[in-house]
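Construct the complete structure from the given sequences, taking the supplied hints into account.
Order-wise, the sequence lines are chains A and B. Residues 1 to 513 in the UniProt record's numbering are what the first sequence lists, from first letter to last. Residues 1 to 513 in the UniProt record's numbering are what the second sequence lists, from first letter to last.
In case anyone wonders, no lab produced these hints; they're calculated from the structure. Keep in mind that the hints are not guaranteed to be accurate.
Any copy, or any two copies together, can satisfy a pair, since identical chains are not distinguished.
[Stated by the list, open to error] As a list, the in silico DSSO-like pairs of lysine-lysine whose alpha-carbon atoms are at most 30 Å apart:
#, residue 1, residue 2
1, 401, 331
2, 253, 341
3, 52, 325
4, 253, 367
5, 259, 367
6, 52, 341
7, 435, 52
8, 253, 491
9, 52, 215
10, 208, 57
11, 325, 253
12, 309, 435
13, 259, 331
14, 341, 259
15, 259, 145
Protein chains: 2
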Amino acid sequence: MSDQYDRVSTDRRALMAGAAAAAAAGAFLSPAAASAAAADIAVIRKAVEADKADAIKRLQEWIALPTVAAEGMNVKEGPEYMAKIAREAGFTTAEIIPTDGVSGVFATLDVGAPRWVGVYFMYDVKQFDPKEWSSPPLEGRLVEKAPFGTVMVGRGSTNSKGGQITLLNALRAMRATGKKPPVNIALICEGEEEIASTHFRQIATHPKVLPVLEKCEGIYVPGPAQDRLTGEVSFTLGAKGPVELQLTVDGAKTGIGPKTDIHSSEKARIDSPIWRLVQALATLTTPDGNTPTLDGFMDKVRPLSAREKELIAQLAKKTNEDAIKQAYGNKAWIDNLSYEKSIERLLSQPTINLQGLVGGYTGPGGKSILPSKAEAKIEIRMVPNQTYEDTVKQLRAHLDKRGFQDVAINVSGGYDPTETAEDARVVQAALAAYKKMNIPVTLSPRSPGSWPGSLFTQPPVNKPAIHYGVGFGSGAHAPDEFIVIDSANPKVAGYVDATMAQVQFLYALAEMK
Amino acid sequence: MSDQYDRVSTDRRALMAGAAAAAAAGAFLSPAAASAAAADIAVIRKAVEADKADAIKRLQEWIALPTVAAEGMNVKEGPEYMAKIAREAGFTTAEIIPTDGVSGVFATLDVGAPRWVGVYFMYDVKQFDPKEWSSPPLEGRLVEKAPFGTVMVGRGSTNSKGGQITLLNALRAMRATGKKPPVNIALICEGEEEIASTHFRQIATHPKVLPVLEKCEGIYVPGPAQDRLTGEVSFTLGAKGPVELQLTVDGAKTGIGPKTDIHSSEKARIDSPIWRLVQALATLTTPDGNTPTLDGFMDKVRPLSAREKELIAQLAKKTNEDAIKQAYGNKAWIDNLSYEKSIERLLSQPTINLQGLVGGYTGPGGKSILPSKAEAKIEIRMVPNQTYEDTVKQLRAHLDKRGFQDVAINVSGGYDPTETAEDARVVQAALAAYKKMNIPVTLSPRSPGSWPGSLFTQPPVNKPAIHYGVGFGSGAHAPDEFIVIDSANPKVAGYVDATMAQVQFLYALAEMK
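Structure (structure tokens):
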């Protein structure tokens, strides 16, 4: 499962709109430091502007080399290129970290600053079919696209090379102007994000990597994170953790039911795999399909804190319930909850969702068969303090206890929920940087979607992990993926401002108390 | 639903094998009558043999004119042709009976005999795609097909023109030899069998039709009914009645759940149509998926009689449990029943079968959506004294009572169970005719499949209804449908014997006490 960018699409509409809320950011800089930083930043901005044309070419060159782990595409060239551009950006070490899958890259830039920050990059991209694109997916062509302005169209433009390169270019500009980065940087990169970060743990726990990560204030994921209309950033302090799995029942494998589709009249004396799946599924939720009844699953669900409820109350006030309902088409929230309570449920409750069902005859009308097999596609989303490992174990035990040993579980991905304390320095630095740039921020206790921040926030790394950046891009897993280069909307950052936002963050983190 | 021929495929393997059992036939003919009939029959046989080449051409000509109600193909030409060949066979009246759909045909041959018999024909055929056929589906080509012998390949060859034409040709041969049919015949034909006999009731209750049917001993459906290996006929005294329906849940229509597929994280606060379908389904059976729990549904299920149990015990002895289990691949019958008890369950218990499930994402792996709709394809098979009307009402009430008003029921077909008393004259005549031809018969209290015999056995017609015939055909709804013309297996009838079997039946019915 790879829906790291959920929050930039679905959640946004739900969770952000209206005015800024950076008031929560407790940043406080000494006047002298602030003034020195402001002078440096102004100089750096000029260099970023001067470099823009070359920066665009470098992004196009990176897009032209797509790594697609699922297809084994450029799995050797990808990390080599990643290490090269890290070195060119000023990282003093940049090593390829082998894994049992696609290699990662770990780079460091130690300028002797008091603080370290970790940065996460993915250099792989989603599969693409050039036939579906209006301009070649590997060209990175600049096109005018209303109402956004000038955008770069290309696979990886927004997910995630376009956002990542702003940090590299920020570092280049600092070097060009003789400004030492205000913090030391540890850059950890993988090439398997789109296949569920299968071997990322091997990179993060590598003996050359883990000790450096342990020195960091936290890890951040750079990327364009603004709303396309309001320019607002939805800043989440965590995310649910998913387990994506398929439940399958197959008479050919179990001997319970027929081995092939047979005539339906035999149902009277032969077990039905498809019915067994339905009955097994039905035990997993309340009769309304809304609350998980998986044995033990709800035990560790942590109630919302007073502060979380306070943030949710702010969210409810800032967003438009009617507009959301109109977009979704639902008459009411579950249990006829009020809007505020619906957001509480959205952010605090785990889910067992049916993504799809398939089995037997699926054409028009009917067909007199007793099908031999069926599959349910399920995704469970967990909240603190539930864990991936517990949930997978609970599911097997739950089904076995009810006699559904013939229902097979195929787990296709997942990881723990993630959360980062609001008072973490990386959080406060991000909020301070946004505030300095007059970017409105809506603070949310948790994304109802998922990203694998737990790879950092859980042992052995145990560090705060956040998303940070400005700008806008879209089509992460679709044709004509793009990122805004020159923004027609004054509220949304283009390339130069997005690059400067990286500079702002590094300074803000250095200066944070 | 159109699985009139279920019993010729599925049931056969289960229910017939081994030696003959025509002992149950209580036929007793007076020696003189038997001798006169035997002489007539011998003469008629010569005429049938002499007509064979022309008879094949006539069948090819009929096959060349396919009526497909679902596609509006030849819906005017089909009944006209049906009436024409009925007249040519000797029927003195042959009228087109208009309905709200495709017209039927009603023909009579009143020779002033003391008894009438009704015959059911369908002149429509299943759709076909010539690309899937090894010889043109409308040509009726004669090909050598091991191990069957010479067969005619064509759409409608076995379902049902090839079997029906044997009766027409038997009547032609009688006329050619100056032999008056021993019974009067009422021929009732429809052109919508493959779309669930949608308007058949309008034909059967037509003021020109019903009074004649009411005079009949019973109605029979002619067709090839022998096992391909043993030549045995499985003779059933009834069949289950089906309700075929789809349950659908669609947020766009109900406002319960989203109107389109939305991001799966919203499951935490928005109802899931696909979950609602699963939970609604789960209320319809016991947790093992095997016994209906639809409110009130089981109340009218009539237990097996002593005679029915006796017939089943005979079936169990004559058939091979291990061979059936090997074919199906099931380790055990439901509830680990003995073989005999499994047949009792098969023939006595109603079923709620899931033919298929489809909803949401159905490709490989998973996809982070909360689907807006889902569908379950269901077929309910009823036994006496359950009825189609009761069942449809019970289902709606059952779902409503549990709050599933958003689960829509689309009934796509169905009819009541059918049964005919073992001592009915048409049954005894059929058994006597089989016996005379040394065709082994296995008598079964009921087919676990379905055919719409209840259109005759229920009001307003209220007559016994049976299948009768010999020969073998296959591929009723598949490419390369065929019927055996010259049989390589001495135990299985070819065209001439199949035609003579029709003659035998008419004489047996006339002579029955």
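30 Å Cα threshold - placement of residue 341 relative to residue 253: Answer is between; shortest inter-copy Cα gap is 25 Å, intra-copy 45 Å.
Residue 435 and residue 52: within-copy, between-copy, both or neither at 30 Å Cα: within (25 Å within a copy, 96 Å between copies)
Within, between, both or neither, where residue 325 and residue 253 count as close if Cα-Cα is 30 Å or less: between (44 Å within a copy, 15 Å between copies)
30 Å Cα threshold - placement of residue 367 relative to residue 253: Result: close both inside a copy and across copies, 23 Å intra and 25 Å inter.
30 Å Cα threshold - placement of residue 331 relative to residue 401: Between. Shortest inter-copy distance 21 Å satisfies the 30 Å Cα cut-off; intra-copy 37 Å does not.
Homo-oligomer pair classification [residue 435, residue 309; C-alpha up to 30 Å]: within (23 Å within a copy, 84 Å between copies)
Alpha-carbon proximity context of residue 253 and residue 491, limit 30 Å: Intra 58 Å, inter 38 Å, cutoff 30 Å: neither.
Intra/inter-copy verdict for residue 341 and residue 259 if alpha-carbon distance must be at most 30 Å: Only across copies: residue 341 and residue 259 sit 22 Å apart there, 48 Å inside one copy, limit 30 Å.
Status of residue 57 relative to residue 208 across identical chains (alpha carbons, at most 30 Å): Neither: 32 Å inside a chain and 86 Å across chains, both beyond 30 Å.
Alpha-carbon proximity context of residue 259 and residue 145, limit 30 Å: between (54 Å within a copy, 28 Å between copies)
30 Å Cα threshold - placement of residue 341 relative to residue 52: Neither: 46 Å inside a chain and 81 Å across chains, both beyond 30 Å.
30 Å Cα threshold - placement of residue 331 relative to residue 259: Only across copies: residue 259 and residue 331 sit 10 Å apart there, 43 Å inside one copy, limit 30 Å.
The structure fails hints 3, 6, 8, 9 and 10 (numbered hints given earlier, in ascending order).
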